[in-house]
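J.: Since the structure of chain Y is already known, use the hints to place chain H on it.
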Amino acid sequence: MAGFGGRSATGRAVVQLEGAFSHIGVAHFQSAMRQSPAMRELFARYNDAQVTLVYQVAGCNALHQVSRRLCRWLLQTHDRGDGDVIPLTHEFLSEMLGVQRTTVTMLAKELQELGLINYRRGRIEIVDRARLEQRACECYETARRKIDRVFSETAE
Amino acid sequence: MPRYYFSLANGRSFDDVDGLELPDVEAARTEARGFAGDLMRMQPERRDWSGWVVRVTDEGQKPVFDLPFPAAGGD
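Those protein sequence lines, which keep their order, are chains Y and H.
Heads up, the first sequence is in this note's numbering, so the first residue is 1 and it goes up one at a time.
Heads up, the second sequence is in this note's numbering, so the first residue is 1001 and it goes up one at a time.
No wet-lab data here; the hints were simulated from the structure.
These figures come from a predicted structure and were not determined experimentally.
Between beta-carbon pairs, the in silico distance windows are:
1. Y:S31 x H:A1027: 46 to 52 Å
2. H:D1058 x Y:R121: 17 to 23 Å
3. H:D1066 x Y:E153: 54 to 60 Å
4. Y:M96 x H:Q1043: 16 to 22 Å
5. H:G1060 x Y:M96: 32 to 38 Å
6. Y:E91 x H:N1010: 26 to 32 Å
7. Y:I24 x H:P1044: 45 to 51 Å
8. Y:Q112 x H:P1023: 27 to 33 Å
9. H:Q1043 x Y:R144: 25 to 31 Å
These stretches of chain H come out as covered by chain Y in the derived footprint (C-beta under 8 Å, 3 or more residues):
10. 1015-1025
11. 1038-1048
If we take Cβ atoms under 8 Å as the criterion, some of the chain Y residues that face chain H in the derived model are:
12. V66
13. V99
14. Q100
15. R101
16. T102
17. T103
18. T105
19. M106
20. K109
21. R121
22. G122
Note that the Cβ used here is the ideal one computed from N, Cα and C, for glycine as well.
Excised from the complex, chain Y in its bound form:
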């Protein structure tokens, strides 16, 4: 969230899903923030939600089973993209989960055997979302509630 105060980002963002994106220069962004209290509030809330999620993911990575974290990743990606095919590579999932690519394949195969996803040659498709939610760690539900709250409160 560069642009609030500082002018440069502290990390590098990598986009995993395709879609339409907007970008704005820091000077324009800051000028818009000065002029619009509604925008300031929206971005402050967004920032708040992001920080909350960062805390949560740190705990999740330390405490929760890899397979339940994989389910969380699949659900969160499904929420943000179009369609049931999850366009995440094994490379990416293995980095995010901190395991080998072969381990990701093995866990995906297990989810397929349970009938939750369709898995073929690295392509993951969601088949049974409700059961995938049951299998995911509670972080998925908690994160979704927090994000929903951020958006519903600002819409009032």
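T.: Showing chain H alone in chain Y's frame:
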């Protein structure tokens, strides 16, 4: 790059039909060691991993090497 296939020859059944493209046997060995390490971390309650083996085969289904798990747990 050659493609290597990783399977578990004992214990948990897993047969990797997709395989991974890797530069050489050394990279396949690193992957196999990491895979074994992941499995051991995912089941910390299991102490005895003797008999567990990651079997690596090539595109012609010929065995490249077997990597036994470290028998007494640990990393």
